[in-house]
Structures are given as C-alpha cells and as structure tokens.
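These protein sequences, in sequence, are chains A and B. Those letters in the first sequence? Residues 0 to 297, per numbering that gives the first Met the number 0, in order. Those letters in the second sequence? Residues 0 to 255, per numbering that gives the first Met the number 0, in order.
These are calculated hints, taken from the structure and not from any lab test. Cβ coordinates follow ideal geometry from the N, Cα and C atoms, glycine included. Careful, some of the hints might be misleading.
[What the hints assert, rightly or not] Far from chain B, some chain A residues (derived; all Cβ distances over 12 angstroms):
| hint | residue |
| --- | --- |
| 1 | Trp26 |
| 2 | Ile30 |
| 3 | Arg73 |
| 4 | Leu86 |
| 5 | Glu99 |
| 6 | Leu104 |
| 7 | Asp136 |
| 8 | Val137 |
| 9 | Asp153 |
| 10 | Trp170 |
| 11 | Met208 |
| 12 | Val215 |
| 13 | Pro263 |
| 14 | Leu297 |
[Stated by the list, open to error] Not close to chain A: a few residues of chain B, all C-beta gaps over 10 angstroms, as computed:
| hint | residue |
| --- | --- |
| 15 | Ser42 |
| 16 | Ser60 |
| 17 | Ala74 |
| 18 | Arg79 |
| 19 | Val81 |
| 20 | Pro98 |
| 21 | His116 |
| 22 | Leu117 |
| 23 | Ser155 |
| 24 | Ser162 |
| 25 | Gly189 |
| 26 | Asp219 |
| 27 | His221 |
| 28 | Thr224 |
| 29 | Val226 |
| 30 | Gln238 |
[Said to hold, decoys possible] Listed below are several chain B residues computed to face chain A (Cβ distance under 8 angstroms; list not exhaustive):
| hint | residue |
| --- | --- |
| 31 | Ile89 |
| 32 | Arg101 |
| 33 | Leu125 |
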Amino acid sequence: MKAGARKFGVAERGLLPEGRVAGPMPWVIAIMMFLTVLAAAAGLGLAGAASRFDAQIGTRITIQVVEANPDVRRAQAVAAMRAVENLPGVTSVRAVPEAEVQNLLEPWLGPGGLESDIPVPALIDVDVTPETHRALDVLRRAVAAAAPAARVDDNGQWLAPLASLIGALKWLAVGLVLLMVGATAATVVLAARAALDTHRGTIEILHLMGATDVQVARLFQRRIALDALFGGLVGFILAALVLIGIGERVSALGSELLGSAAVPAPAWGFLVALPAFGVFLAMLVARMTILKALGRML
Amino acid sequence: MGRGGHAIAGVHEGAGEAALNAGSIVQFENVGLRYGTGAETLSDLSFSLREGGFYFLTGPSGAGKTSLLKLLYLALRPSRGVIRLFGEDIVTMPRGRLPGFRRRIGVVFQDFRLVPHLSTFDNVALPLRVAGVEDKDLENPVREMLAWVGLADRASARPATLSGGEQQRVAIARAVIGRPELLVADEPTGNVDPDMARRLLYLFDSLNKLGTTVIVATHDLHLLTEVQRADMLRLDRGQIADPTGALRHPPKRAEG
Numbered sequence: 000m001k002a003g004a005r006k007f008g009v010a011e012r013g014l015l016p017e018g019r020v021a022g023p024m025p026w027v028i029a030i031m032m033f034l035t036v037l038a039a040a041a042g043l044g045l046a047g048a049a050s051r052f053d054a055q056i057g058t059r060i061t062i063q064v065v066e067a068n069p070d071v072r073r074a075q076a077v078a079a080m081r082a083v084e085n086l087p088g089v090t091s092v093r094a095v096p097e098a099e100v101q102n103l104l105e106p107w108l109g110p111g112g113l114e115s116d117i118p119v120p121a122l123i124d125v126d127v128t129p130e131t132h133r134a135l136d137v138l139r140r141a142v143a144a145a146a147p148a149a150r151v152d153d154n155g156q157w158l159a160p161l162a163s164l165i166g167a168l169k170w171l172a173v174g175l176v177l178l179m180v181g182a183t184a185a186t187v188v189l190a191a192r193a194a195l196d197t198h199r200g201t202i203e204i205l206h207l208m209g210a211t212d213v214q215v216a217r218l219f220q221r222r223i224a225l226d227a228l229f230g231g232l233v234g235f236i237l238a239a240l241v242l243i244g245i246g247e248r249v250s251a252l253g254s255e256l257l258g259s260a261a262v263p264a265p266a267w268g269f270l271v272a273l274p275a276f277g278v279f280l281a282m283l284v285a286r287m288t289i290l291k292a293l294g295r296m297l
Numbered sequence: 000m001g002r003g004g005h006a007i008a009g010v011h012e013g014a015g016e017a018a019l020n021a022g023s024i025v026q027f028e029n030v031g032l033r034y035g036t037g038a039e040t041l042s043d044l045s046f047s048l049r050e051g052g053f054y055f056l057t058g059p060s061g062a063g064k065t066s067l068l069k070l071l072y073l074a075l076r077p078s079r080g081v082i083r084l085f086g087e088d089i090v091t092m093p094r095g096r097l098p099g100f101r102r103r104i105g106v107v108f109q110d111f112r113l114v115p116h117l118s119t120f121d122n123v124a125l126p127l128r129v130a131g132v133e134d135k136d137l138e139n140p141v142r143e144m145l146a147w148v149g150l151a152d153r154a155s156a157r158p159a160t161l162s163g164g165e166q167q168r169v170a171i172a173r174a175v176i177g178r179p180e181l182l183v184a185d186e187p188t189g190n191v192d193p194d195m196a197r198r199l200l201y202l203f204d205s206l207n208k209l210g211t212t213v214i215v216a217t218h219d220l221h222l223l224t225e226v227q228r229a230d231m232l233r234l235d236r237g238q239i240a241d242p243t244g245a246l247r248h249p250p251k252r253a254e255g
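In isolation and in its complexed conformation, chain B is listed as follows (with noise of 0.2 angstroms):
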C-alpha cells in the first residue's frame, strides 16, 4: 500500500478477490461475526494488513473493533470466512495449535486484564513465562521494559495499587515484553496523559520498526498523526467503511 494514497490500507473491495498481497501477516476474506442469533456484528471483513505494517483502527462506538481485534488475537473464531493469520488458516487450524500462534501476538486489553494477584513484574513476566523462559533470564528484559514504561520502581506493587494509567503501561509492557510477531492494542492510550500516551506509542513505533506489526484501535485522533506512516482502517457498523480513505490522516482542526 502506497504512503501517500488514499485508499484505506490493504483493504479490498469485492468478496472474489483472489489473491491477497503478498507478504500480508494477516488476511481476512469475507469474514463475518455473529454473537448467537443475533445480526451479525461485523460483515463480509475482506482485507489485508501487511507484516511490518501500522494500523491505526477507527470507528465509532459499537462498530465491531473490539470484536474485529478478538479475531485478531485469536479469541473468537468468525462465523464465516476465512481468516489467515502467518500464513495459515486459522478457522479451520486445530485448536490444539492455537497456543503457538498466540505466542506470537501481544494484545493490550482495553480493560487491561492484568492478573490481580501478582506484581508488577510477574504480570510483565507472564507471557515470557508461558513461552517456557527460564527465570534467571526474566530479570533484565523485564526490568529494562518496566523502566521503559516508567515503573521501574513500582516492580513489585500489585494491580489494585496501581492508577489506572500505571496499570495500562503494565498491560502494555506485558503485550510487548516478547517481542511479538503481531501486537494488538485496544484503546492502548486512553488512560495515560499525552505525553505518556505519545512516549507509549513511540514504544509502538519502536517495536513496528523492528518488525512487528502493529494494530492499534483507538478513538483519539491525535493519535493518528503521531506515526506519519501508519495506515487506517475503519469499521462502521460492522463493516470496513470509508473507501477513498479521508481519515487516513485526521484534518488540522481535528488536532487541536
């Protein structure tokens, strides 16, 4: 996808579409997601985001982001279409195989899902835990992200001691801490005050210039002009919306 076009990222119109590109991380052909009986909540998603890639994710309340990032990081499956997530199907993947795919992805929750009962530390130690690290090899990466997120010294506090702002930074430092192949971050900065919210997405950055992609639903615009490389998607009610890609980046006045 070109930087300078207007068309939203790697999205593609026309269900048939054949081919993706080539090198997408992620592919989504005609994917539609249905909770019960109900209508469905996202219909016929056709797109691709590109490995290496930056994604802002926009769209108004109840349009389906949440549930398209739980596509995403692997915690629905769609009702239908086809979801190709490094490559291979994942509908139709074995379960058994979805943990190793998970590896490979940091989400930052919008609720932050931090597990009350351990500290700092051992929150942002989890996922290294749960890929097998050794602790003897924990202590450094953690603490060096820990610093990065400004809590060094809050290591050993629990969830409940922290502001809401200190426990998004904890969410985010756990969702990138292994360095994934894919991040996922739900409203990532909608606690923390602009300058934390930039120095966070500057850690995004950081993290998507040495090769992960990075998707990033949020609502605060002024977010969008801070990575000048980012694309955008936009849902609206359900459905990729916005084709000729207006919002990619936000007008002056939205930036004041």
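The following block holds chain A by itself, in its conformation from the complex (with noise of 0.2 angstroms):
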C-alpha cells in the first residue's frame, strides 16, 4: 500500500452514516440567519438613511423669508438668493417653488388650506460646502443685510438628533449581526465536538489506517457545510419574506422618513449571500475545530 494519497474516492460520502450530523444545529443556524437578516437588512437600511442624513446636515440650510406681504416677501426672497448665490463656498441655490411647498403644509393644513390668507414663508434651500457649513456667519450677516425678514435655517439642528439616532441604531445592528456570528460560530463548534464523540469509533479506524486529518476534518465539514446551507437558506427565505411583508407596508404608510430607512436594492445583494457566508463560516468552523481535536489523537 503505498502513501501519500491526499483524499478519499467519490465513496467517501458513505464514510459517516447517512443524515445530519450535527443533531439540531440546521435548525439553530436557520434561527440565526434569520436574525442575522433582520439585524443586518436593519443595518444597511439604517446606514443609507444615515448616509443622507450625513449629507444634508453637513451641507443644507434653508432660507425661510417670513414676511406677510407676499410683495415684500417676494423681493426680500430674491434679494436673499442674490445675497448668497456669489458667495465663496455656495454650490447652489433654488427658491422652494410654492407648489412645494403647499405639498409640505398640506397634511396641517388640509387641501386648500394655502388658499386662505395664512401667510406663508417664501423657502430658499442652500447648499454649501462643508467648510462654510461650519462657518454660517459670514452668510447669516449676507442674508440679513439684504432681507431683514429672512431666517437662515440650519438643517443639521433637528436632524443632527435624528442622525445620532439612527447611526446608533446602525451600529446596534452592526454589533447584533456580529453576534450573530460569533453564536453561530459556537454552535458549529458544539456541534462538530458532537459530531466527532458520536463518530470517535470510526474516526479512530479511519486514523488507525493511515487517513490525514485533513481526509477526516473533510468528511465532517462536508457534511456541516450541508446542514449549515439547509438552515441558512430556510432562514433567508423567512427573513426575506419578513421584509418584503414590511417593505410594502412602509410604502403603503408614504412616509418619506420610514421610507428613508428601507433596504434599498443593491443591498439585497449583500443580504443574499449572507447564507453562503454562514455555510463558508460553518466549513470553516468545522475544519478549525475537527483538525484541533484530531491533533490531540496520536
């Protein structure tokens, strides 16, 4: 008999008996690759609600020209546009056109609502750089020079709270999704230490007759690997289910802010391999732990 043969032939599925391995782990890893979906579709929609929250407050104001004649508001909206519109660090500037910004007063107001003689401000959105975001003074004297009835607005007051908010909520996710697989590490982990008490007799006859750790670490992570994509696919499909089902109810709602934070369409592609991920960890889990405890064995 010669050595130095590197693997088993195509039979070596029969080398361990048929069924799962690993008793209730498929089960164990569906559970957790449904909440690792969850957590981590949460995360991304979070990160991209984030992500424009970041932008706006780093870079918007907005004008609010508050003024009861709407000729005086009128001028004084466009004596504040010209005031800012050439200065150092503006990138653009657009007048809020007034249907806009019925449809913003609109749910207060009611349909028609504007038609009344409610005054209503005329609305200048502003974006600056960064660098002169943090230095508004030199614009809020600008505008107050040329349209004393203007306010100048920074966007990055209120929804600096809500960005703080929701970049913590993303990183909850984060750390929950990293959870996720460090549990699901560990119940690979008991589950190949089970797998190779069960099997410790033929583990042992496999060794006495030459078979390399890695032969025998193959045969447990092969099958691992199996139940590992079993869970994980039944674990997706009920976590895509989930938030397809919230997705059309967010739209449903029309809420701009709910819609901000839904699982835009690129990150689905994460989502989806997420469970190979799971079955890569699980193999590798497997393996690290098979050759560690195959070690011990002369």
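Given two chains presented individually in distinct reference frames, assemble the corresponding complex, making use of the accompanying hints.
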C-alpha cells in the first residue's frame, strides 16, 4: 500500500452515517440566519438613511423669509438669493416653488388650506460646502443685510439628533450581526465536537488505517456545510419574506422618513450573500475544530 | 535468525546492543511503555523483526501483548526507548508523517473494530479508499478477498447482522486487502472454528510468502504448529521472556 494519497475516493460520502451529523444544528443556524438577515437589513437601511441625513446636515441650509406682505416677501426672497448665490462656498441656491411648499404644508393645513390668507414663508434651499457650513456667520450677515425678514435655518440643528439616533441604531445592528456570527460559530463548534464524539470509533479506525487529519476533517466539514446550507437557506427565505412584507406596509404608509430607512436594492445582494457566508463560516469553524481535536490524537 | 535454533527470533539481549539486524522492518531498543503514572506495562524491550518474517507473539493475559501491538501499529508512542519502523525512528517522527506509515500496516483488532454503518464490502474496501483508490478499481479486489474469507454472499450485510466469526473474517480481509508491508493481528482466530482458523492462517502465510511481515498475537498453541517457519516472541509481565525459545514449537502433548 503506497503512502501519500491525499483524499478519499468519490465513495467518501458513505464513510459517515447518512442523515444529519449535528442534531439540531441546522435549525439553530436557520434561526441565527433569520435574525442575522433582519439585523443586517436594518443596519443597511439605517446606514443609507444615515448617509442621506449626514449629507443634508453637513451641507444644506434653508432660508425662510417670514413676511406677511406677499410683495415684500417675494422682493426679500430675491434679495436674499442674490446675496448668497455669489458667496464663496455656496454650491447651489434654489427657491422652493410655492407648489412644493403647499405639498409640504398640506398635511397640516389640509387641501386648499393655502387658499386662505395664512401667510406662508418663502423658502430657499442653499447647499454649501462643509467648510462654509462650519462658518455660517458670513452667510447669516449677508442674508440679514439684504433681507431683514429672512431667517437662516441650519437643517443640521433638527436633523442632527435624529441622525445621531439612526447612527446609533446602525451600529447596534452591526453589533447584532457580529453577535449572531459569533453565536453561529459557537454552535458549529459544539456541533462539530458532538459529531466527533458520536463518530469517534469510526474516526479512530480511519486514523489507524492512515487517514490524514485533513481527510477526516473533510468528511465532517462537508456534512456540516450541507447542514449549514439547509439552515441558512431556510432562515434567509423566512427573513426575506418578512422584509418584503414590511417593505410593502411601509410603502403603503407613504412615510418619507420610514421610506428612507428601507433596504436599498443593492443591499439585497449583500443579504443574499449571507447564507453563502454562513456555509463558509460553518465549514471553516468545523474544519478548525476537528483539526484541533484530531491534533490531540497520535 | 536461524530456523532451527532455540533462541527467540530477533531478540537482542542487552540494552546497549549497538547494531540491530540489517534488513529489520521493526527495531525496538530499550522500549518502555507506561500508561499515566502507573507502573510500566512494557519494560526494556529490545528486539528486531526481520523483513518478510512470520512471528507469533504469545504470553499470558495481561502480559502486554496488545500494548506491544499498539506500539507496532502506531496507536501509541512509547514512554521511553527507540522504535524504528521501516528504517525510521517513529518515536520522534512528526505526527504528520505517521499516516503514511500507517498505510503500510494492516491491523486485525482483537475487537474487530468494524465500522457499524458500513456494509461488509465497504468495511473491507476502507483501507483502499483511505489510500485514494478509485471506486472502479475496488470492486474486483474486494470481491476476491470476500470470496477468500468465505463471505462473498455477505457483501452487503452490516456488521451487526454478522456472527462473531464472520466479523472477524471481515476484520482480517480489511487488514490484508491492501497487501500491507507489516501485518499485525491480535488474536485473529479467537472466534472462528479450527478449519476457518487454519484457512485464515493460510491466508496470512500466503501474504507472508509475498513479502509481508506478519506478527500474530495468540493464546492458541495449536496455531504455532501451522506455520513451521514462524518465529516466536513471548511476553511475560511486560518483558520479553523465555530467552531459550523453548516454546518456539509447542510440545506434542499441547497439540492434543
């Protein structure tokens, strides 16, 4: 008998008993994958929302011209625009159309509410560079000189706490995903050890016949990978159904805030990759666990 | 070792013997084995087995025969001393090289150690699969071996459905299927009738004539007469005993 063979033949499938090697491990992985996909989806949605808020916080201000007289309001709005558009660090200036302002106010005033005599401020969106945003006094003085009725609102003032909350939730989601990965790895370690104990007799025989550690580990990692694939797919499909259901309900609400935290389409690619990552992780952990255990044998 | 002598085959008296026999497949020098912190199970074993030899290992129960065999088939490393197998020191050999050596050794375990969920065919094919032989190349040699041990019609049976004697024959077929360079058998005929015992011994004998070194641990004095050219090692309380070789061939009255 010549030494040096590196792997079993195609019949290696039969060397361990048919059926699962690791008891309830596939179902535990299914639960882990379900929770991981939900946490990852939440993290990705929140990350998207956070980046959008960050962009607005860092660069967007709004000038409100609060003047009851519509003629004076229009004149001061034009003056305010001219005052800021040529300032250094201002990247864009846009007068918010009245129709858009009406849309913004309609939830509070109801349809046709603006047809009454309620004075509505003129709004001007101004995008500035982050450096300018950090030193708004120049802009405020220019606006005050040109339009006394104008007020400069820094969007960051009210968006910052929300963005901070969203940022914290995003990192919470990342932490949850990492915890799930750790718990999944621990599950695989326990399952691999249990499988080793269950099949210790077979392993010893293979060992004494000259099977290498890698040959024996390959038997187990293959089986554990199949179990992990099963659990991962079940968990992913259930989580995807939940996410799709939530997405439809959020769409029905029509909430811009909730909508901004929806899972973006490219993020689904990452979520789909999670079961594959789970299988890879299970194989890797199983292999390391088994090789370590076999290393204690002669 | 001469055929007609009275010394135990290959046994070297004196721990400091400088050179062991040329052409030895196994060499023990001052080997001791201790389990845990207990007394030594094997003490000061120094002997060599020549390549192509046929050896019986005898001795009373508890003498250390199975421990000695475990050292030979690399299930244990000694607590002290030097063991050379196939010309290499296996005591200090890195663990990663041991599988290659194990593939050159066939083992018949006293308790058979068949894989319970595998069929007779697959149990016998196991060493070939471990060695990387493709399935298409397994069929003929395994069928042939099963026929040799009288189990051609039990190829698909699981060990649990086999009798003790049948299990023993599967274990023997598994040990010899790969034509090992060294065959180690622990009480290989303990569960078979005298006719089958002779047949199995004939199988070992045939393998030996093809070049395999055979060492058979047995209590069965009848077996010792079956292979006339065999040498004997006798263990007693963990040490090579009977240096006069009086038991090399049992007296006639013991054959009765």
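Q: Taking the numbered hints from earlier one at a time, note which ones the structure violates and give those numbers from smallest to largest.
A: Violated hints: 11, 12, 14, 17, 20, 21, 22, 31; rest satisfied.
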